[in-house]
Structure formats: C-alpha cells, structure tokens
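So the protein lines, in turn, are chains V and R.
For the first sequence, the working numbering begins at 244 and goes up steadily by one.
For the second sequence, the working numbering begins at 4 and goes up steadily by one.
It should be emphasised that the hints constitute simulated quantities derived from the structure, not laboratory data.
Among the hints, a few may not be true.
Unchecked claim - Distance condition first, Cα-Cα at most 35 Å in a straight line; then the derived DSBU-like pairs of lysine-lysine: (1) R:K152 - V:K702; (2) R:K206 - V:K521; (3) V:K348 - V:K708; (4) R:K152 - V:K346; (5) V:K490 - V:K614; (6) V:K438 - V:K324; (7) R:K68 - V:K707; (8) R:K68 - V:K518; (9) V:K348 - R:K68; (10) V:K500 - R:K68; (11) V:K461 - R:K68; (12) V:K297 - V:K523; (13) V:K708 - V:K346; (14) R:K68 - V:K660; (15) V:K438 - V:K417; (16) R:K116 - V:K523; (17) R:K68 - V:K459; (18) V:K518 - R:K206; (19) V:K295 - V:K324; (20) V:K490 - V:K500; (21) V:K333 - V:K438; (22) V:K346 - V:K439; (23) V:K511 - R:K152; (24) V:K521 - R:K116; (25) V:K708 - V:K692; (26) R:K152 - V:K543; (27) V:K439 - V:K324.
The structure presented is a predicted model; accordingly, all values stated were derived computationally and were not measured.
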Amino acid sequence: MSVTPENIGDLSRRTLLQRAAAAGLLATPAMGLLSACAGSEPEKSDTGGGAKSKDNPFGVKDGSAVKVVIFNGGLGDQWAKEDKVIFSAKHPNVTVNMSSTQKIKTEEQPKMATQPSDLVMNSGADMMDRSTLINEGAIEPLDDLLTAPAWDSEGTVADSLLPGTVGDGTQNGKFYVVNVAYTVWGNWYNAALFKKEGWQAPTTWDEFFALAPKIKAKGMAPYVHDAAHGYYPRWGLMASIWKACGKQVIVDIDNLKENAWKADGVVKALEPWEKLVKDKLLLPGKLDHTQSQQAWLDGKAAFIQVGTWLKNEMAATIPPGFELTLSDYWHNADDKAPKDVFAASGEGFVVPSKAPNKEAAKEFLRAILSKAGSAKFAELTKSLASTKGSGDNVQDTALSSANTLMKNGGSELISVKFQDFYADLDKESQNLSEELMAGRLTAQQFVDKMQAAADKVAKDSSIKKQTRTA
Amino acid sequence: MRHGVARFVTGFLALPVALYLFYVVWPFAQAAGYSLTDWGGYSDSQNFVGLDNYVRLLSDELIRKAFWHNVFFLVTVPLFTIALALFLAFLLNVGGREDRAGIRGVFGSALYKVIFFFPQVLSLVVIAVMWQQIYRTDQQGLINGLLIKIGLVDADNPIAFTADPEPFLGIPAVLWWLLLIAVWSGAGFYMVLFSAAMQSIPKDIYEAAILDGAGRFHTFFRVTLPLLRDTISVAWVYLGFIALDMYALVFVMTPSQGGPNHASEIFASVIQFNAFQKGQFGYACAIAVALAIFTILLAAVQLRITRRERIEF
Chain V
244 MSVTPENIGD
254 LSRRTLLQRA
264 AAAGLLATPA
274 MGLLSACAGS
284 EPEKSDTGGG
294 AKSKDNPFGV
304 KDGSAVKVVI
314 FNGGLGDQWA
324 KEDKVIFSAK
334 HPNVTVNMSS
344 TQKIKTEEQP
354 KMATQPSDLV
364 MNSGADMMDR
374 STLINEGAIE
384 PLDDLLTAPA
394 WDSEGTVADS
404 LLPGTVGDGT
414 QNGKFYVVNV
424 AYTVWGNWYN
434 AALFKKEGWQ
444 APTTWDEFFA
454 LAPKIKAKGM
464 APYVHDAAHG
474 YYPRWGLMAS
484 IWKACGKQVI
494 VDIDNLKENA
504 WKADGVVKAL
514 EPWEKLVKDK
524 LLLPGKLDHT
534 QSQQAWLDGK
544 AAFIQVGTWL
554 KNEMAATIPP
564 GFELTLSDYW
574 HNADDKAPKD
584 VFAASGEGFV
594 VPSKAPNKEA
604 AKEFLRAILS
614 KAGSAKFAEL
624 TKSLASTKGS
634 GDNVQDTALS
644 SANTLMKNGG
654 SELISVKFQD
664 FYADLDKESQ
674 NLSEELMAGR
684 LTAQQFVDKM
694 QAAADKVAKD
704 SSIKKQTRTA
Chain R
4 MRHGVARFVT
14 GFLALPVALY
24 LFYVVWPFAQ
34 AAGYSLTDWG
44 GYSDSQNFVG
54 LDNYVRLLSD
64 ELIRKAFWHN
74 VFFLVTVPLF
84 TIALALFLAF
94 LLNVGGREDR
104 AGIRGVFGSA
114 LYKVIFFFPQ
124 VLSLVVIAVM
134 WQQIYRTDQQ
144 GLINGLLIKI
154 GLVDADNPIA
164 FTADPEPFLG
174 IPAVLWWLLL
184 IAVWSGAGFY
194 MVLFSAAMQS
204 IPKDIYEAAI
214 LDGAGRFHTF
224 FRVTLPLLRD
234 TISVAWVYLG
244 FIALDMYALV
254 FVMTPSQGGP
264 NHASEIFASV
274 IQFNAFQKGQ
284 FGYACAIAVA
294 LAIFTILLAA
304 VQLRITRRER
314 IEF
C-alpha cells in the first residue's frame, strides 16, 4: 500500500530546500565549538575503604578497578605496561584498566567535571593547563603519597625522588603533580663525528663561534632547532638568561616582578642567539621537532637543542655508529651561574578530584616510582626516571652523557615556571622565541616585548597570580 | 484530510526534532548560558558575571586580529573558489567544440570531473597533513625541492610557507598559503554543484544564443551566469561558513596554532586558546556566541541581497 499525500500544501521541493538551508544556518562552525562548553552534574563515586597497611598505605579495596591513562608520546607506553605488572604482583585483585593516547586534553578534559579517569598522565602538546586544573580544584593534592613508604626501598616515597621532583610538582604549597621522568636539556652532537673530524665540543659561546666556520666548511649547518613549537628554542633562551644572570632574575621573571626582563645582563645573555641567527649558522628551513631531529641525524646540522627523550623519540631512524651525546648549553666567560644545568622532572601524573578510585591511583603511582619500575623506565626509554638510581645499570651514550652532565653541574638546577603559571605568557614567549630565532627580532626587542606581555598579565585581573619561592 | 497529514508529519518528525533539540539546540543554549559566567572548564562551579565577557572581547586585541583574518578569508575563499569552480564547470559542460551533437564540454571532461572532485572525499585534516609535505620548508618539500632543483629558489633561503608572517599585499603570507589549500580543496565540490545546475539549463537556450552570434564569453556572462544565480548564492553562503571556520588548516599547519606570532590567528584559534589553554571557558563561550551571531547575520544579509525573481524552466 503506497501512501500518496493528497495535499502536501505549500511544501514544494524549492521551499523545503530553502527551509533546510535555513536550518543548516544553525550548524555554523562556531556552534560546534560552543557545544564543547557543555557540562553536567557529577555522579557520586565509591571510595576505596580497604584496610590500610605498610604494603597498602592508602587502603586500596580488593575487587576495585583503577583507570590509568598514559600519554603515548616520545617515551612510548611500554614502560607503563611494566608498571602494571609490578602493581598487579602486589594487588592481584585490583583491576588495572590502562589506555594510552596522545590526546590527553581532548579525551580527559570533558570528563574532569563528571566522571574522570583515576590517574592521568598529563603530558604532551595536548595537555591540560596545570594552573587551571589547580585553580578549579580539579586535581587532588598528593602530599600523603610523599610521606607514604617507598614501594621497594627504605624510607618514604619523597626520599626516593631526585632533587627538584617534589618542588616541580608543588604549587601554592601543595604537591599536585607527580613527575615520573627526569629530563636534562642541552645541545646534542654526534660524538663519533666530532672524534672523526677532530672537533672539540664547545662549552662556551666563543668556542662555538670559533668552531662554526669549520663545521660550515664541511657542508654542514652548525645548529638546528624546532621552528614550529616555540617552547623548544625557549629552553635555550631561558637557560642562557639563568646562566648569565643567576637564579634570582628568573625567579623575578616568574613572579612578574616589575621590569624583571629588563634586569642587567638579560639582553647580553640573549645576544649570542641573535648572532647565531644573523651569522646564518642555522640550518635553512622552518622544520618541526621530528624533521629537525632527523635532519640532525642525517648529518645536515652539527648541534640540536632538545631534551633527553630525543633518543627514544628517534630510535627507529638513528644511523648505526651515531653517538648521541648531550652537552650543556653554552655560556659566556663572565656568567654568574655557568655550571647550572637545565634539568627538571617532567611527564606529570595527576589524580582528578572526582576520580572514583583515588586510593588505587596513588598506589599505582607508588609502583611507578618504585626501584623496579623506574629501572624498567630508564631501560626502555633511555631517559632517566625521577626516582634515584634509575639509570645506574643502563649502558647508553645518550643516558650516560646526561648522567655525567648532571654530576658535573652547579649547585642549582635551571628551572622556569612562568609558562606553567600563565598560559598567555607561555604562548607569547613561544611566539617571540621563534621570532628571535627567525631573525625578525633582536635580543633587545625580544626582551622589550616579553616585558610588555608580562606587564599585561600582571595587570589582568581575570588571571589568578602564582608565586615562585624556590 | 489536511489534519491527518499534519499528524503524520508531526509523528514522523518528532524523534529527529527531539534529537536535534537535545544534541544541537540544548548545547547552544548551555554555551550561551556559560558565556555569562566565569566558568573555567574543569569544575562544576561558576559565578554569574553578566555581560562582562562580551565587554571584554570588544577590547581584546587578539580577537580584533582574528576578526580581520576571518574577514580576509570571508572575502577571498568564496570569491576564488566560486570563480575557479565556475570556470571549470563551464569548460567541462559547455566549453568544448560545438558539433552535430550540440554543445558539450572539453575533451575528457568526465575524467577531469573525477579528478577535480577528488579532494572532497578527503578529510580536511588529511588534506592539511598532505599539504604539510608539499609545503615542507626545506629541499625535501615538494614545492621547495622542485624550485631549488631548477634554481628558482635559493637552498639557503627556501620558501617558509605557513611559517612566513611577512605581508604580501598587506596580508601575512601564511594566510595566502592557507587560502590556496582552501580553494584547491573546495573548488571540486562546487564545480560539480555548478555542473549539475548547468546541465539543468536547457541546451536550446545555448543554441539560440549561438545562432544569434554569441561567443563563449557572452554565452557565459549573459546566459550561464544569470541562470546559475541561485546556486551561486547558496554556494556563497556555505563558503562563507567555511571561511569563518578554517580551523583545521590553521590548527594543523601553522606554528603555535595561529602563528607565527599570531599571523594566522582566527576566531576558532582564539576560542581554542582561551577555552583549552587558558581555562577561561566562559570567555571562550562568549567569543563563540559572538561569532555565531556574526555568522547568522552575515548569512541573512547574503540571502537578502541575492534574492530576486527566479526563472523557472
């Protein structure tokens, strides 16, 4: 039986199409973004409540499940699977649901206000802004993890961590972020090539500028950096400021102190970078991180600045005989803190405040920070873990050069906080760092513009201010 | 009987309308609500701040920059896409020789149609990733590699493409390079759309025009173009939406998503930054609502201007 409408009224094909088009107007591009803002009421969660003991300091309940999200970036996720084995050996009746992704914010942010995962590795380009998480009360302070006994060594968890790790994870006096990796930054070179050519790896800018013509004569660019992500060149710029002017200047910058960027010596510290660009010592092209790293591995450039995850990230394409070696950022003869090394704990785990099984999340962190877990981490990623002694038994030029650098370093570790405190300054400093490295800004202009950006944040009442003490 | 029809239509539409209300209209309303608060995006608490967010966006330098970049796309994307699509559609349908079979397209037009349409079946992100390789900024890039090999570009100074903020005709170069991709990926679809519209124009109109001694130029401007007015107008509105979006290209292809140094900042990238990096969802929602209002006004004006009597055939 077919239905033929007797009278479809005025609804001709043309008007129908018109109305459909009018309805389509509502699906404007902005609307897609609008709906991203929608949230809803949270559900009540079931808390652990198992018996507490030395082996179970948080009272993880048998039969419960814990959802762990791993950032699958430069370090991969195999190490985390090893931690799962270690965890399950002690807690066979707790189910670990582990997943890994590169899109932490995309996948986890929408769940934060309602049903978040229990443990999230907040890392990578798509990470959730840390200050926002803390200001919004979205993540849990983890001070009790620090005082808990270590998984498989004497003392507390805090005792087992490398210096700086607790400070790096602390904000407003509370410990929120558990960094599991320990990263050292600097200029990388191929030790095998330098041996062959009889080049000495420079330690000062003067030595570098003396060596540069010899490198160029071999048809190589002396230096290459990531020109797509501004935080890569920013490490080098900030390291130079710290080395030249000392820690207090960076602390003042982080605290938005008036004219902090205009302090004596800041411009001078950055001038070698300006000269590096002006003298055309950079590899031509605006390459991103993996492109520039590959160009360096291909022998197109002698030095590249990046952190210790480099080896793991490029593992598949490192040519045989290539000796990845890390050296410290170059300094000037009259620098105040020339020996301080740029190193920090990184790859931070957070426990959402609304997580249903916070006890198991903390217990899992204890497993990650264990001796066994961190040794596996170093072995698999060729990067140091934030637990002491993780790299002791790993034979590797990249790792051992980072180890040596740390041992010969000054009394302080170089660290910069403003990019974690203020998203605006993070973006602005990334942009301006790339502008400086593209030769469109002088060191003086860079400093003036950074000061202006810092002043703007200082004056903006909608931005909550943070304080750096140490 | 009319009553019965209404009931039938209502019953038929109830479910889709309900879904539409819940998944489309309700989030819009929520977003408009959030735009009046200082919500940060990670908690379930927020304060009502009235129109503060809207007042603030009027004096936001970044939004002003983004606005003008979107206006650039709003003018250029429809203009170039429609011009190219019309040109291709004309060649493929009525641009060839006239013979005993009447008017036809250039030789091989069926094949060209498939080739030109091809970008449409690719996701925009796939297109962006592919063009990253074409635009690569050293000699391994497709364009740079070719130009360096034939000596048109200096290997020490390759084209920077989307990393180039230097102005060309007063507009940052990065925007022109993005425009090229947008036009390339859009023209095929509108070519097919215009082809379909052209095929519905009776051939005898063309034959009459030709008998009257009209050349190709006149046939196109005096016959084809006026009869395609409706289709072009719809295409213009849709391309306007695309021009106000452009998010995927900016997000994948430009340094710091909107760089270098804000040279390719657009509404969507500013919204993204404020919501997801800065954690000011309330403010981001206000920008999104403002953009939505702007879009709707623009479409209304567009449809009003191009409305006039239709020729039925």
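A quick look at each hint next to the structure:
no.	hint	in the structure
1	R:K152 - V:K702	violated (52 Å)
2	R:K206 - V:K521	violated (65 Å)
3	V:K348 - V:K708	holds (23 Å)
4	R:K152 - V:K346	violated (39 Å)
5	V:K490 - V:K614	holds (32 Å)
6	V:K438 - V:K324	violated (39 Å)
7	R:K68 - V:K707	holds (25 Å)
8	R:K68 - V:K518	holds (31 Å)
9	V:K348 - R:K68	holds (26 Å)
10	V:K500 - R:K68	holds (29 Å)
11	V:K461 - R:K68	violated (45 Å)
12	V:K297 - V:K523	violated (60 Å)
13	V:K708 - V:K346	holds (28 Å)
14	R:K68 - V:K660	holds (28 Å)
15	V:K438 - V:K417	violated (48 Å)
16	R:K116 - V:K523	violated (47 Å)
17	R:K68 - V:K459	violated (41 Å)
18	V:K518 - R:K206	violated (69 Å)
19	V:K295 - V:K324	holds (26 Å)
20	V:K490 - V:K500	holds (14 Å)
21	V:K333 - V:K438	violated (49 Å)
22	V:K346 - V:K439	violated (42 Å)
23	V:K511 - R:K152	violated (40 Å)
24	V:K521 - R:K116	violated (49 Å)
25	V:K708 - V:K692	holds (20 Å)
26	R:K152 - V:K543	holds (18 Å)
27	V:K439 - V:K324	violated (40 Å)
In this structure, the hints that do not hold are numbers 1, 2, 4, 6, 11, 12, 15, 16, 17, 18, 21, 22, 23, 24, 27, in rising order.
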